[in-house]
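Undergrad: Going down the list, the sequences are from chains A and B.
With the numbering used here, you'll find the first sequence wraps up at 1910, consecutive numbering, no jumps.
With the numbering used here, you'll find the second sequence wraps up at 254, consecutive numbering, no jumps.
No wet-lab data here; the hints were simulated from the structure.
In this text, all values refer to a predicted model and were calculated from it rather than measured experimentally.
Built from N, CA and C at the ideal position, the CB exists for glycine as well.
Fair warning: there could be bad hints in the mix.
To be verified - Some residues of chain B that are not near chain A, with every Cβ distance over 12 Å (derived):
1. Glu43
2. Thr80
3. Ala85
4. Asp95
5. Ser132
6. Glu138
7. Asp206
8. Leu233
9. Val242
To be verified - Below are the DSS-like pairs computed for lysine-lysine, each with C-alpha atoms no more than 25 Å apart in a straight line:
10. B/Lys113 x A/Lys1340
11. A/Lys1606 x A/Lys1622
12. A/Lys1865 x B/Lys113
13. A/Lys1371 x B/Lys113
14. B/Lys75 x A/Lys1283
15. B/Lys239 x B/Lys221
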Amino acid sequence: MNTASFSSWKGKIVDNRKGKAAKSVDIKFPAQLGVDNVSAVMGWNGLVVMDPDADIISLTMNYLKEARKLSCGECSVCRIGIDRLLDIFGKMSEGDGNKKDLFEVQQIIRGVSVNSKCNFGRSVLFPVLDAIKYYRSDFLALIKGERKLETKEYSYAVTAPCMEACPASLDIPGYIELIRNSRFEESLNLIREKCILPGVVGRVCPHPCEDACVRQDIDGPLSIRLLKRAVADYDLQEGGSPLTGTMEEKEEKVAIIGSGPAGLAAAYNLRLMGYKVTIFETLPRAGGMATVGIPDYRLPKDILNHEIDLIKRMGVEIKLNNKVEKLNLKELQKKGYKAVFLAVGAHIGTKIGAEGEDKGYEGFVDGVEFLRDMNLGKKVQPQKKVVVVGGGNTALDCARSCVRIGFDNVEIIYRRSRAEMPASDEEIEEAEKEGVKFNYLMTPVKILEKDGKVTGVECIKMRLGELDESGRRRPIPVKGSEFTMDTVMVIPAIGQRPDLPAMTGKDKVEVTDWGTIKADLVSYKTNIEGVFAGGDCVTGPAILIDALDMGNKVARSIDCYLRGEDLKREISFEGVNTREQREQGFIAEKVAEKVDLLDVDKRSEGFTEVESGYDVSEAMREAQRCLRCYRLMVCEQAG
Amino acid sequence: MVNIIIDGRKIKAKEGSTILENAEELKIEIPTLCHHKELSPFGACRLCTVEVKTNGKWKMTTSCDTAVDQGMEIRTDSDKVRESRRLSAQLLYYKYPTTAVVRDMAWKLGVEVSEDAKAEGHDCILCGLCVRACREIVDTGALTFRDRGLGRDIDEPRIEFDPKLCIGCGSCAYVCPTGYVKMEAVEDKRIIWDKVFKMAACKVCGKYFAPQDQLEYISKKTGVPLSKLYTCVNCR
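Only chain A is shown next, with the shape it has when bound in the complex (with noise of 0.2 Å):
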């Protein structure tokens, strides 16, 4: 709760300024956007003045003029309409306005609002409208030439709902806008500047930025996985178009140990700012998790390996089969790196708690170790039966993988039920399809076994109780409940840790009580001087774009270190609800396009990718749904 001499956010206006007891706005702003010394708001959601002396009309002349760079253009009323507004405001401060133009200015506000095409244009001069209103008689002033304009300085932001709940914060109207044009060329080249691994991520991402679509509440989201990957596949149809840059040549060498995601996307922006980068990869491939963590039916090794590829053209080397056994930073140094970057990603499977699980039983393996033995080609002989237990995308990696290898029956046992699980609902479904067991709510509390081979595992049955810090509803075994279930194979798959004594070597890295390495979240720097560490290792088992955008921040933060410089923080919605406009107006519905996924038949003879991507005209045609929401945010600096 703040007080401010003004605001319209939202629609509801708490006006401060006339001397009586001030009213608090419920709104954290300017606190909130992190930006300091804010003396005025104007946003799509209404105008905020903490100042009183804050200048309303050179605000909303230069917030019109950030949304005349936003609108496209496709729709004429948005178009013209703030280029008319801004050609008012303008004859007004040259002294040649009328009182009447405020009233044409209020009335195409209103025709914009209602008649623009795009979400952006419906909601972008809400808070102009307010200025006028309630700042009305500064606009008079002006009118009579009793007012002079100020110079102020403004900061600027702009994100949408999708582009907020997306870790990499993706320009994702942007991108989708190019598809629909047909710039399928341009499209890439804008995703590719936040996520360097647009074919991947197009495939394995569970698109945290469809849940906040605004068409969600309507005909369903956007399908903006899809959109992604069929950018990146026609580029890959049309031959694979190297990653482009101008490089300015660095001397300082930058060393990344993990060649996942994290590790790669730090690598290839640390590479375009010009700085050497060696990377250092324990296993025969690079990739991280997303080479050894991930089947090929959801993701193709060649669409990985041709965009690993693309970043060691731009001249990253990767050190395969080259584990560093303790992290031993003067050795680092003597050989000239002036950085470190830890992205040893979470590779070691969490213990279950069941009596015997580290005994070493035949027929017990770990999940990753699973995944990661059979992603490097380790024949795995199919069995009759294959208990996995978890409730995440691991295990249903592991249960699906274990479908088209062959085993006889696969089930999966969860603690808590279907609507806890964490794995996301379409690979659920598919789970089910090509024929997966699920049982809920039971765990293994011992693992059977005779003559050191499972034989089955013992289980216990569980009830849901309150909810517990992760806004789930605790399990709590159910006492007497134990039964067992025979099978001659158990992979556990609930969780992952990351394999830090040979990240705690000589140089002592903190740790977290999670056995994850503790770094600042804005810096990524960790205890030791000159290293940095992110994705898994920091956060623990997160999605991929997560540790991607982590890798990132990393450049930018080792780049600022290097020039010994600050990072500059920018402006942030956190908290602030970028789905909310004023007025919606209609929407018509438009499902979305449909892929073809392979016929449930055909999975288990092998690892075929399940899901085809959009070709160019169905990319073309989804990408006109989308509503193009926009949000800008302009404020004036203070002094």
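Got chain A sorted already, so can you dock chain B onto it with the hints?
TA: Frame of chain A; chain B shown alone:
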């Protein structure tokens, strides 16, 4: 079929058809500058707005790109509709005061049109008809929209022409409502978007009838040998 009500008239409409298509069938006049029945709707001119009742409330929408829905109630001539169209026309007129179709439309929709300026302009109003004809009918994609947007350094959105893809068919000039897209014929040459095309002569009557590039494109697309295409429509 779905049941809809347009201006109080209860009719059966084809599923997936647009409000505009149904209105046209009922001879209800709805103004447009960016619509063509052979092309996908684009919603650029915002003149074809109508009111649609949703959840008991009347809301504005463009009729060209809104599909009918079971039970949909539509008003095409309310005060709000007329005012909204007038405003859209006013803005177009403000931007393109000398372009004849814009002036006529503005006048028709109640905008005061000044006689001071002459109707001799041929502005591109970004209706997108040429882009759609090029992509959807001809399938060459020589014309594309260059939109403004985040991080793009573009002052005015525009139509972009790619001479490498153009076959000189003239579809864009045919659909252009303002005369902005010009097509000139000079002897055995056709000039369009500043690109010069060599015309092919009909082997029967000898008249120049189509650009060589277009015939080659048709041959490639249809598999008909090029030699069989050198006869004009009149002599076929």
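Undergrad: Failing hints, ascending?
TA: Result: hints 2, 3, 11, 12 break, sorted rising.
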